[in-house]
Amino acid sequence: MIVTCLEECGKNKVKVYLDERYYFTLYDKEIYRYGIKVDEKISDIVVNELSGNAIKKAKQKAMALLKNMDRTEMELKRKLELSGFTGEVTEEAIEYVKSYHYIDDLRYAVNYIRLKKQSKSRRQIIGELRQKGISDEDMEEALAAEYDNEEEAIQREISKKVKDVDDLSKEEKQKLAAKLYRKGYGMDLIRLYVKLEY
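For the sequence shown, our numbering assigns the number 46 to the initial residue and increments by one for each residue that follows.
Calculated lysine to aspartate or glutamate pairs in the EDC-like style (CA-CA distance at most 20 angstroms, straight line): (1) Lys-124 x Glu-173; (2) Lys-161 x Glu-196; (3) Lys-224 x Glu-197; (4) Lys-104 x Glu-140; (5) Lys-165 x Asp-181; (6) Lys-161 x Asp-183; (7) Lys-177 x Glu-136; (8) Lys-74 x Glu-52; (9) Lys-112 x Asp-149; (10) Lys-162 x Glu-185; (11) Lys-56 x Glu-75; (12) Lys-161 x Glu-195; (13) Lys-161 x Glu-120; (14) Lys-122 x Asp-181; (15) Lys-240 x Asp-212; (16) Lys-86 x Glu-65; (17) Lys-102 x Asp-73; (18) Lys-177 x Asp-149; (19) Lys-124 x Glu-136; (20) Lys-60 x Glu-75; (21) Lys-122 x Glu-140; (22) Lys-101 x Glu-137; (23) Lys-228 x Glu-197; (24) Lys-102 x Glu-75; (25) Lys-101 x Glu-133.
Hints in this document: simulated from the structure, not taken from any laboratory.
Input sequences plus hints: build the corresponding full structure.
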């Protein structure tokens, strides 16, 4: 293989392209140690060693990212790719942490719903979980397991805003209904609990 490009990508880091294809990111000292230069050949042994090192670094980075915060598979993948790992190396690292159940999108969804269900509507939670890359299947299973009655959630939300809905003017009820709608509650529930009259 021929080194076709060395591209700086941050403090002391260089992206290495072999035969016009991005292979891995190395530190300056590794470039120097292995004598990697543009338009020069690199042996398969060195490529395999550096690829193995990249996989090891990606696994360590994945573990470090999960140490303080649970993440979805998609979030972890983005973080690893932003750190300069190739798609193949990123996939290997993700499979590694998955094998130990360090990432589990269903578990993440259940915990997320448990944490947010008191303050957010079902629709809001679904939207946020989709943005985090949770599959529809995992989302539905988590919602069925964790999400309590949406009627209770809207009642809690209303009680935070007002003491008694009956004391509100028509205009105040409409404002409250608009706030609840923006939070993702359905109009049927809003009409029922805000006692809107049309």
